[in-house]
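2 protein chains.
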Amino acid sequence: MAFELYYWDGIQGRGEFVRLTLEHAGADYVDVTREPDRGTDEMMQFIDSSSEAHIPFAPPFLKDGGQLVSHVANILLYLGPRLDLAPRDEDARWFANGLQLTITDFVAEVHDTHHPIATSKYYEDQKEEAKARAAEFVMNRLPKFLGYFERVLKQNPVQGGHLVGDSLTYVDLSMFQMIEGLVYAFPKAMKHHDIRYPGLARLHDRVKDGPAIASYLASPRRLAFNESGIFRRYPALDIDP
Amino acid sequence: MAFELYYWDGIQGRGEFVRLTLEHAGADYVDVTREPDRGTDEMMQFIDSSSEAHIPFAPPFLKDGGQLVSHVANILLYLGPRLDLAPRDEDARWFANGLQLTITDFVAEVHDTHHPIATSKYYEDQKEEAKARAAEFVMNRLPKFLGYFERVLKQNPVQGGHLVGDSLTYVDLSMFQMIEGLVYAFPKAMKHHDIRYPGLARLHDRVKDGPAIASYLASPRRLAFNESGIFRRYPALDIDP
Numbered sequence: 059m060a061f062e063l064y065y066w067d068g069i070q071g072r073g074e075f076v077r078l079t080l081e082h083a084g085a086d087y088v089d090v091t092r093e094p095d096r097g098t099d100e101m102m103q104f105i106d107s108s109s110e111a112h113i114p115f116a117p118p119f120l121k122d123g124g125q126l127v128s129h130v131a132n133i134l135l136y137l138g139p140r141l142d143l144a145p146r147d148e149d150a151r152w153f154a155n156g157l158q159l160t161i162t163d164f165v166a167e168v169h170d171t172h173h174p175i176a177t178s179k180y181y182e183d184q185k186e187e188a189k190a191r192a193a194e195f196v197m198n199r200l201p202k203f204l205g206y207f208e209r210v211l212k213q214n215p216v217q218g219g220h221l222v223g224d225s226l227t228y229v230d231l232s233m234f235q236m237i238e239g240l241v242y243a244f245p246k247a248m249k250h251h252d253i254r255y256p257g258l259a260r261l262h263d264r265v266k267d268g269p270a271i272a273s274y275l276a277s278p279r280r281l282a283f284n285e286s287g288i289f290r291r292y293p294a295l296d297i298d299p
Numbered sequence: 059m060a061f062e063l064y065y066w067d068g069i070q071g072r073g074e075f076v077r078l079t080l081e082h083a084g085a086d087y088v089d090v091t092r093e094p095d096r097g098t099d100e101m102m103q104f105i106d107s108s109s110e111a112h113i114p115f116a117p118p119f120l121k122d123g124g125q126l127v128s129h130v131a132n133i134l135l136y137l138g139p140r141l142d143l144a145p146r147d148e149d150a151r152w153f154a155n156g157l158q159l160t161i162t163d164f165v166a167e168v169h170d171t172h173h174p175i176a177t178s179k180y181y182e183d184q185k186e187e188a189k190a191r192a193a194e195f196v197m198n199r200l201p202k203f204l205g206y207f208e209r210v211l212k213q214n215p216v217q218g219g220h221l222v223g224d225s226l227t228y229v230d231l232s233m234f235q236m237i238e239g240l241v242y243a244f245p246k247a248m249k250h251h252d253i254r255y256p257g258l259a260r261l262h263d264r265v266k267d268g269p270a271i272a273s274y275l276a277s278p279r280r281l282a283f284n285e286s287g288i289f290r291r292y293p294a295l296d297i298d299p
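Chains Y and H, in that order, are what the protein sequence lines are. Here the first sequence stands for residues 59 to 299, numbered as in the working numbering. Here the second sequence stands for residues 59 to 299, numbered as in the working numbering.
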């Protein structure tokens with residue numbers, strides 16, 4: 059039975075971290091809201107349900123038969139071992155989940171660069187505050203997060219270029235998406251990132267060029283980044299540090 | 059061997075969600091940075107290590123012998139089954155982790171009410187933006203989160219007053235802390251919360267009055283809320299909706 063992914067149509071968003079894992083594994087899945095005969099209404103029925111026990115707070119969530127799993131890090135924790143994209147040993151699995159939760163925080167901070175005051179309002183209504191928050195992000199938070207992940211790569215005793223253990227995991231796929239999104243949204247701030255964070259740049263390129271991901275990226279299933287998603291290219295927010 | 063909790067001294071902060079679970083279970087643990095012969099330096103050695111493979115991004119993290127686990131939701135996922143504070147069935151465990159991750163997001167939004175622009179700056183340097191963000195929080199986000207958790211309680215088929223399944227889990231303990239913190243930080247906004255969210259109020263009171271937690275709350279191990287933590291009482295940010 060196919061996995062069913064529920065996420066907003068029209069953007070990569072948080073759903074993309076799940077999609078990359080499903081695509082890399084060649085898993086049988088349905089992107090429910092993008093199906094012609096299904097759609098967002100079906101997703102909202104789970105969220106608005108007044109009878110289901112396990113209601114999700116927000117998309118993305120995944121259905122695997124009767125099992126519903128919500129939140130990106132939770133979905134990847136669930137899928138990882140099932141798709142052979144989790145570390146094999148227990149110790150490393152706890153570390154992988156911690157890394158994915160750091161990526162979760164990183165994503166939320168990227169989002170807040172364009173929405174520092176109110177998710178319910180437009181970027182244009184909080185542009186001045188967004189400039190201030192983005193400056194803090196580019197100057198302090200971005201180097202802190204990327205510097206940390208570069209150290210994690212460097213201190214992996216296996217030295218195979220993966221964040222955890224000796225083979226590719228869902229955390230590596232998520233890190234690819236972070237770099238890809240940051241380069242899209244902050245081209246000035248990310249200039250020369252490959253010199254400052256060489257391990258992350260190599261990991262990014264390696265994921266991008268892998269056959270399954272390369273084929274996915276060239277397919278219509280990969281939507282382009284746009285200014286409704288998490289990673290938005292607003293020149294006013296992109297500074298050269 | 060005792061669990062070792064690493065977190066900033068002087069505040070409840072994110073470490074408190076872990077403490078409540080350890081305390082409720084009567085677990086043998088050491089709060090490392092508060093030990094007279096140990097301290098924050100020892101914590102920073104893990105964070106700044108240039109040789110360890112599994113470095114944490116930030117506190118809190120837990121050591122259980124040789125196993126290091128970082129991030130609140132990850133630590134609770136690890137401790138839950140070991141301290142008999144996780145749901146028994148698999149399906150419910152995935153739901154519990156999803157709920158805990160929603161609490162993680164909720165906590166981050168509480169933090170950002172007083173730091174909407176820059177974590178590296180004082181509240182006083184972003185007070186106007188904090189007022190705008192707090193207004194959004196009180197009017198839109200707070201009712202959205204609390205309304206969701208109230209529905210989760212209501213739709214739990216067991217109807218025993220717990221968020222998941224038929225017995226107390228770490229998620230219930232975290233929800234107690236959320237209500238406690240919100241009432242401290244936003245007394246006006248939380249006025250009559252017990253009428254609007256009666257299930258959550260009952261859950262809060264039940265956790266508070268349980269013997270292990272009541273004893274913990276009366277002990278010097280429970281620090282008071284203060285204006286260095288996540289939940290801060292700034293009258294300028296508290297509005298009557």
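Hints are not guaranteed to be accurate.
[What the hints assert, rightly or not] Rough simulated footprint, nothing fancy, chain Y against chain H, three-plus residues with beta-carbon under 8 Å:
{"no.": "1", "region": "78–84"}
{"no.": "2", "region": "103–113"}
{"no.": "3", "region": "187–199"}
{"no.": "4", "region": "204–217"}
{"no.": "5", "region": "230–244"}
{"no.": "6", "region": "267–279"}
[As the list claims (entries may be wrong)] Straight-line alpha carbon distances no greater than 27 Å define the calculated DSS-like cross-link-like pairs of lysine-lysine that follow:
{"no.": "7", "chain 1": "H", "residue 1": "246", "chain 2": "H", "residue 2": "189"}
{"no.": "8", "chain 1": "Y", "residue 1": "179", "chain 2": "H", "residue 2": "202"}
{"no.": "9", "chain 1": "Y", "residue 1": "246", "chain 2": "H", "residue 2": "179"}
Just so you know, these hints were derived from the structure itself, not from any lab. Keep in mind it's a predicted model, so treat the numbers as computed, not measured. Glycine included, every Cβ here is placed at the ideal spot set by N, Cα and C.
Here is how each hint holds up against the structure:
no., hint, verdict
1, 78–84, "violated (count 0)"
2, 103–113, "holds (count 7)"
3, 187–199, "holds (count 6)"
4, 204–217, "holds (count 6)"
5, 230–244, "violated (count 0)"
6, 267–279, "violated (count 0)"
7, H:246 x H:189, "14 Å, holds"
8, Y:179 x H:202, "16 Å, holds"
9, Y:246 x H:179, "24 Å, holds"
Violation of the numbered hints given earlier is confined to hints 1, 5 and 6; the remaining hints are satisfied by the structure.
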